[in-house]
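Novice: Residue numbers (the working numbering), protein chains in the order written: chain R, 1 to 514; chain P, 1001 to 1331.
Any given hint might turn out to be false.
Said to hold, decoys possible - Derived pair list, reagent style EDC-like, types lysine to aspartate or glutamate, alpha-carbon separation capped at 16 Å: (1) P:K1091 to R:D264; (2) P:K1234 to P:D1254; (3) P:K1091 to R:D440.
To be clear, the hints were calculated from the coordinates, so they are not data collected in a lab. These numbers come from a predicted model, not from an experiment.
What follows is the residue order along each chain.
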Amino acid sequence: MQTRLTLYILVFLILGTASGMILYKHLVLGFPLLPDDKKLVWTIEARIDFIAQGDPVIVSFALPPKNPNTILLEEDFASPDYGFSELTTPDGRRAQWSKRTATGPQIAYYRLAAYKTDRIEATPSSDIPSAPVKPEFDEAQQTAATTLLDQARSKSANTEIFTRELIKSLNSQSPTQNTSLLINDQARADDKTNLVINLLALENISARIVRGLYLEGGRRRQSLTNFIEIHDGTQWLLFDQDTGNSGLPENFLIWQHGDQSLLDVIGGKNSRVSFSIIENTQSSRNLVLHDNKNKNAALIDFSIYSLPIEQQNAFKMILLLPIGALIVVIMRLVIGLRTSGTFMPILIALALIQTTLLTGIIMFLIVVSTGLLIRFYLSRLNLLFVARISAVIIVVIAIMASISIISNKLGLSQALTVTFFPLIILAWTIERMSVLWEEDGPREVFIQGSGSLITAVIAYLFMTNRIVEYLTFNFPELMLINLAFILILGQYTGYRLSELYRFKSLERRHHVSG
Amino acid sequence: MFLASARKLRSFGIIGMNQRNFGLISKYNPRHLYPLVDDKLKTKLLAQKAGITVPKLLGTLDYQHDVRKLGEILAAYNQFVIKPVQGSGGKGILVISERDHNLYFKPSGDMISLEEIERHVSNILSGLHSLGGKPDSVMIESLIQLDPVFSDYSYEGIPDLRVIVLKGYPIMAMLRLTTHASDGKANLHQGAVGVGIDMGTGAALHAVQFGEPVQHHPDTRKTFAELVVPHWEKLLPLAAACYEMTGLGYLGVDIVLDRDLGPMIIELNARPGLSIQVANCAGLAPRVTVIEALKNIDPDPASRADFSKNNFSTNLRTPLLRQERTRSSDL
Ligand SMILES: Nc1ncnc2c1ncn2[C@@H]1O[C@H](COP(=O)(O)OP(=O)(O)O)[C@@H](O)[C@H]1O
Ligand SMILES: [Mg+2]
């Protein structure tokens, strides 16, 4: 009883620690619990073209601001032969490429991979605008503007609604005379933006231009779209200048606040910038690892992720082994399946992962049965045990080699994977099976052989399951939970499933004899 | 339905493999005592020291080069049995019941030459029949003579009586009868018939072969109804005495009856199987409960045997047993 209690306390502690770690990783660091949790990642490429004129060239390009709702995964500034620096100005980040002399067409690239987080954090509104500068209209326009503002004001209760109404009336399908006076159909987006900002300034509302990009996969030669941002006294509000809708549209990446130039090229002409957008999905686990905020969390820093990729892959395999062990424990203690060799099934399962299921099983059966045939002959030679098992090893190598060669000649490349089966294990299996055959007959060989294979296949199915694979690798803490399970199973004193079958006749007879 | 209900089995008191390993073997059998019973030679010497009859040891072979001496050792005997010292489940046992100069005969009448015996011995020595292929020794012992009581119930071999002894108290017994299927060896999974035996009288209760009930011996066609194990009063104390001999709390004692020498012990087992429950159509658990409830263990094997006779008899259910039974099935 005493030991049982200690065991339960131990199991409890293990479970507690492990689930604590898992929850921390999931809730705080944002590790998704399931591999399906994929995120859209946008790769945006800005291409800057200009013609250099033989003078020193400086290209200055506005970069999107870092904000908590959009995580910039990586940025890449490719422009051969150009010096590059990233500048932080009061108006935002800028990229600067420079070169002593250049002539002819020049290209600079800026590449960005980003994704939107689910975290909802308000955009910091530290930048308080200065009082708006009143615009100068001619008389006719001034009157039209006043009328328009009056109309909007009469329909609205606060700055936000006022702005929306104003933009709506400017975009109206049936423009009034006043509107037409201020803006016409051919007006460029920038003109419209300026008009709205000026009209708002008349009303003493601070506003500024916001440029951004609609994120749509597969788009090329996109340009930035203008939005308008107003300050309602406490915070900035974003408006679509074509509809009057407020708020940030779902797939809109803000590139620039304020009316600094997007692109300045000194020493070049005909400069243009165009954007192309690619959309792809990435497992959010990768994103979590890239999230700078998490880089120094101890659980990530001191984890398998800190190993080189190659070692990580080796660990992927090793971390799957406990799953195999658990399956074997369940199969033996709860199901009551007999296997030849306790952990031989796990090794077969590992080999199956390399060879794929069907090929692997066929290979295994061919090698073992051929091996058995030869082993029967060996047993007639009356060899000593060590000599016999060594002979079997050599036989197994010969069989593997012939399978590889023959199948290669036949053009069956899958059969080459036979080498993934651990040699010694195969030799042992053959040796044990043949002794079993001699002593207990083919029936027992069949029972234990199929028991091993069934266990191996089940272990294989679990170990290759995408979710299991994902979980074992990304939450190595699960190993502790696995351990706790095995400790509990070690105390399982109930019937095995096979015993319910074995004692079936007993139950029947008990009814008769009372 | 292919499966029995676990609840019913539990109510019959059937002990499963996990329960046996956990609640009996690891609880009552200290590991360091295993070699005493896993090594048949050690068991034999131990039994002899304790004054318990065993089949006579005719010779042992330990190394491959001893194989040359085999002919010399065997020359003096017409009947003998060759066993791997660390074998189990009847593996590697060669019974020779007749000899004609250099030709030997098994009970089935099959002829075998000295060379073949030598090869068999060499195989045993190289570990063919021992667990994990460890090199083994060979022992040669005298052939047990079939007691006429069993001549109708066994085929080409010697039946043995398996008694489960818990903390020195025999709690269940089963007679294992050799059949054609079992190749003259009394091992159940090879096809021997298991007969549940009443602890009070030694009378047969039920019989099973391959787990299924049988009414008569499959080869001799003799019905089990009249079968009674003779010398019952002597057999139980003999089994009980093995507790003091080995110190193992959960023990399977294999006893054979020799026509001339009477009951003797051929083997002890520290991990006795569970088929005995099937043969007896009864579970071990209620009897285990009775023994575990005892405050102290009687130092005298004979009185322990008497206790078992009185308490575990299936024919006359004593009040004590009934009481314990209901208690354990409530658990
Ligand atoms: N000395 C013997 N004479 C006749 N038969 C024997 C003898 N020893 C063993 N046997 C037969 O072989 C069977 C198995 O022997 P045993 O010593 O119990 O070895 P195991 O550990 O392999 O069961 C016995 O049940 C009996 O039928
Ligand atoms: Mg035996």
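Novice: Look at each hint and say if it fits the structure.
Specialist: We went through each hint and held it up to the structure:
1. Straight-line distance between C-alpha atoms of K1091 of chain P and D264 of chain R comes to about 92 Å, which puts the hinted pair past the 16 Å bound.
2. Restraint check for K1234 of chain P and D1254 of chain P: satisfied, since their Cα atoms lie roughly 14 Å apart, inside the 16 Å limit.
3. Distance hint between K1091 of chain P and D440 of chain R is fulfilled; the C-alpha atoms sit about 8 Å from each other, no more than 16 Å.
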